[in-house]
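Peer 1: Please construct the entire structure, taking both the sequences and the accompanying hints into account.
The listed protein sequences correspond, in order, to chains A and B.
Heads up: the first sequence at position 5 corresponds to 5 in this note's numbering, and the numbers run straight through without jumps.
If you count the second sequence from 1, you need to add 1000 to reach this note's numbering.
Just so you know, the hints here were simulated from the structure itself, not pulled from any lab data.
Keep in mind that a hint or two might mislead.
To be verified - No more than 30 Å apart at the CA atoms, straight line, and that leaves these computed lysine-lysine pairs for DSSO-like:
#1 A:128 / B:1455
#2 A:111 / B:1469
#3 B:1460 / A:128
#4 A:111 / B:1316
#5 A:128 / B:1426
#6 B:1469 / A:121
#7 B:1229 / A:111
#8 A:121 / B:1455
#9 A:125 / B:1005
#10 B:1460 / A:121
#11 B:1032 / B:1316
#12 B:1027 / A:125
#13 A:106 / B:1482
#14 B:1482 / B:1027
#15 A:106 / A:128
#16 A:111 / B:1455
#17 B:1456 / A:111
#18 B:1426 / B:1456
#19 A:106 / B:1455
#20 B:1456 / A:128
#21 B:1497 / A:121
#22 B:1426 / B:1494
#23 A:121 / B:1456
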Amino acid sequence: MGERQIIRVLLAKPGLDGHDRGAKVIARALRDAGMEVIYTGLRQTPEQIAIAVEQEDVDALMLSILSGAHNNIFPRIMEELKNRGINDILVMAGGIIPQEDIPGLKSLGIKEVFGPGTELKRIVKFIKDHFTAGEKS
Amino acid sequence: MLGKKCLEKIAQGFKEWEEITNQQTAKNPEQKSEFETLSELTVKRLYTPVDIDHIDYTEQIGFPGQYPFTRGVQNTMYRGRFWTMRQYAGFGSAEDTNQRFRYLLQQGQTGLSVAFDLPTQIGYDSDHPLALGEVGKVGVAIDSVRDMEVLFSAIPLDHVSTSMTINSPAAILTAMYLALAERDGISFVKLRGTIQNDVLKEYIARGTYIFPPKPAMRITTDILAYCAKNMPQWNSISISGYHMREAGCTAAQEVAFTLADGITYVEAARNAGLEIDDFAPRLSFFFSAHQDFLEEVAKYRAARRLWARIMREKFKAKNPRSWMLRYHVQTAGCSLTAQQPLLNILRTGFEAFSAVLGGCQSLHTNSYDEALALPTEQAAQIALRTQQIIAHETGVTETIDPLAGSYYIEDLTNRIESEAEQYINKVEEMGGVIRAIESGYIQGEISHSAYEYQKKVEAKERIVVGVNKFQIEESSPSGLLKIDMSVGDCQGEKLKKLRSERNSQAVISSLDQLKKAAQKDENLMPLILDAVRAEATLGEICDALREVFGEYIGSVSY
Chain A
1 MGERQIIRVL LAKPGLDGHD RGAKVIARAL RDAGMEVIYT GLRQTPEQIA
51 IAVEQEDVDA LMLSILSGAH NNIFPRIMEE LKNRGINDIL VMAGGIIPQE
101 DIPGLKSLGI KEVFGPGTEL KRIVKFIKDH FTAGEKS
Chain B
1001 MLGKKCLEKI AQGFKEWEEI TNQQTAKNPE QKSEFETLSE LTVKRLYTPV
1051 DIDHIDYTEQ IGFPGQYPFT RGVQNTMYRG RFWTMRQYAG FGSAEDTNQR
1101 FRYLLQQGQT GLSVAFDLPT QIGYDSDHPL ALGEVGKVGV AIDSVRDMEV
1151 LFSAIPLDHV STSMTINSPA AILTAMYLAL AERDGISFVK LRGTIQNDVL
1201 KEYIARGTYI FPPKPAMRIT TDILAYCAKN MPQWNSISIS GYHMREAGCT
1251 AAQEVAFTLA DGITYVEAAR NAGLEIDDFA PRLSFFFSAH QDFLEEVAKY
1301 RAARRLWARI MREKFKAKNP RSWMLRYHVQ TAGCSLTAQQ PLLNILRTGF
1351 EAFSAVLGGC QSLHTNSYDE ALALPTEQAA QIALRTQQII AHETGVTETI
1401 DPLAGSYYIE DLTNRIESEA EQYINKVEEM GGVIRAIESG YIQGEISHSA
1451 YEYQKKVEAK ERIVVGVNKF QIEESSPSGL LKIDMSVGDC QGEKLKKLRS
1501 ERNSQAVISS LDQLKKAAQK DENLMPLILD AVRAEATLGE ICDALREVFG
1551 EYIGSVSY
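Peer 2: What follows is the structure, given as structure tokens:
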């Protein structure tokens, strides 16, 4: 994050899933918490997400998916980030992701998965705490 | 209307009662300082005849089956026939879904409702790169008429009513259904069902758009025209508010934006040369049944009256059937919780109850495990039984619109109608729905409401049992439905086989003809039907149309 005070977050909707209520609510909450939020809109490929991360020079990436395609698409996203040498951003996920799939996603480098019912304040705190502690990925 | 003296007596009695009650609450306050519906409409402590005395019964409330239809669209409602118990179902392959369809029919559901997977809904074949990981996950994978044949195996199309939740590729799925009917020697006039075919809400809230609005509306009106002429028992569109409600809008917004979409479709159809009374009787609608029980009942009544007024007064439709708002309801998916999931059976039950008391024509009840996955057979069975218990055991179907006359319900019906009308007028002033979508107005209203609701939940001003109050320690859920990744591979194999067996020349030729027609004014349905008969795949037909129409790029605002 360097010397910049404001945390920049990219909120992405990978794959064909069109449910973006959660992503938009989180975008507003992060904005109200003082972060800069860019929303990719729907139908993002892994490549498009990685390009956006690079171009927008974000500190964090949040992936929202409810279609059940996460085990296929998340590894491809992490691969695209790696190929571009993007190793130090905070990556999180949310949506409908079965609990048993979470350890696998965490092993890819996804730091946390926020399921249905997660409080907005918990998500905000998680991100802020991460950058206060000065953690790298 | 009560006499002046009677009203004055009630008003006086109410004033005295309020004074006494306020003395009580000065010492023992009510639980909240403000009481409101889920949609933030103020709710008073008490409603009396004074609140509704100005309502003219015959003009505004009326009789079931008669304008303005506040009390229902049929004269006998559920005394004549229950609503259609129509459970949305679909997952994996056509074989898997066919099995679930037959199970549900066996268990007593009275209509079919097809859920398609995302690649199918967005016009991609199962072997398309963008379909990777998505095949069969949220619905059934349909790549060609062969899959369609398996989907309806042992289900006679002249003995069922089928609803298909498909929008951008609606013409293609309709054509596939027609091709099946043809093969079975069933006349199109015998086919009963509905095609959702509502692209406007895809841009607003659901996301399975393909083409930009102008060509998408052209396809829509082609379908309306074709069905009006060839499929008299088919609902050619299901103008939907459910998804906008799921995206977080209020009850009044749900009515407003849905009816505004309806106005847009009616105008488009008329501009395409259709006579209003030729297609309007087959317009249908689709609403949510959310958690504020009484607000939902009032909402349906308000929607019926408002649409009747729009169709008769604004559009001057002459056929009473053109004034009728006939609708399907789904209980609110967004109300289901992952925590303590069995409680969802109750939520769905109350929501379904409001849909019945509101007078719907068709109903889907969610399963308790649906916050996390598609329903298991057992969960789907309980959801269906919920409807059967309401129909057979609660007694509310013995008489029509039993909550009519309730001081609160009639007042709330009026208020929802009034607020919805204001929104509709605002959208009209902006230049209509498509302009309102382009400017992001409708989407912004919806996400604003969603955020306001979420903030209330965080502040515990809205309680979600098991989530922000009455929580327990829970183990991970087990026994959820899982879709195997092999579905994608299987569909890939089927596609290879299809492509090697069919007459490629016929396919190429039919797609060519389709592209030519797409560049002109011709109705595309007969050409899509030709392509389907030649066994062109869904993806191939959509790609042909993409070549001519281009693709819509979604917005990035929140």
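Peer 1: Please verify whether residue 1456 of chain B and residue 128 of chain A have alpha carbons no more than 30 Å apart.
Peer 2: Between residue 1456 of chain B and residue 128 of chain A the Cα gap is close to 22 Å, so the pair holds against 30 Å.
Peer 1: Hint check: residue 1027 of chain B vs residue 125 of chain A, CA-CA at most 30 Å. Holds or violated?
Peer 2: violated (40 Å)
Peer 1: Within a Cα-Cα threshold of 30 Å, do residue 1426 of chain B and residue 1494 of chain B meet the stated pairing?
Peer 2: violated (50 Å)
Peer 1: What's the verdict on residue 1229 of chain B and residue 111 of chain A, does the C-alpha distance respect the 30 Å limit or exceed it?
Peer 2: Answer violated: residue 1229 of chain B to residue 111 of chain A is near 57 Å, above 30 Å.
Peer 1: Holds or violated: are the alpha carbons of residue 1426 of chain B and residue 1456 of chain B at most 30 Å from each other?
Peer 2: holds (27 Å)
Peer 1: Checking one constraint from the list: CA of residue 1460 of chain B to CA of residue 128 of chain A, max 30 Å. Satisfied?
Peer 2: Holds, at roughly 23 Å.
Peer 1: Against the 30 Å threshold, does the CA-CA distance of residue 111 of chain A and residue 1455 of chain B hold or violate the hint?
Peer 2: Holds - the C-alpha atoms of residue 1455 of chain B and residue 111 of chain A are around 25 Å apart, at most 30 Å.
Peer 1: Measure nothing beyond the straight line between the CA atoms of residue 1469 of chain B and residue 121 of chain A; if it is 30 Å or shorter, mark the hint as holding.
Peer 2: holds (16 Å)
Peer 1: Hinted pair, alpha-carbon criterion (30 Å max): residue 1497 of chain B, residue 121 of chain A. Please report holds or violated.
Peer 2: The hint is violated at about 53 Å.
Peer 1: Take the C-alpha atoms of residue 106 of chain A and residue 1482 of chain B, compute the straight-line distance between them, and say whether it is at most 30 Å.
Peer 2: Within the cut-off at roughly 21 Å; holds.
Peer 1: Does residue 1469 of chain B lie within 30 Å of residue 111 of chain A when you go C-alpha to C-alpha?
Peer 2: Holds, at about 27 Å.
Peer 1: Need the status of pair residue 125 of chain A, residue 1005 of chain B: alpha-carbon distance at most 30 Å?
Peer 2: violated (62 Å)
Going through the hint list in order, the structure does not satisfy hints 4, 5, 7, 9, 11, 12, 14, 21 and 22.
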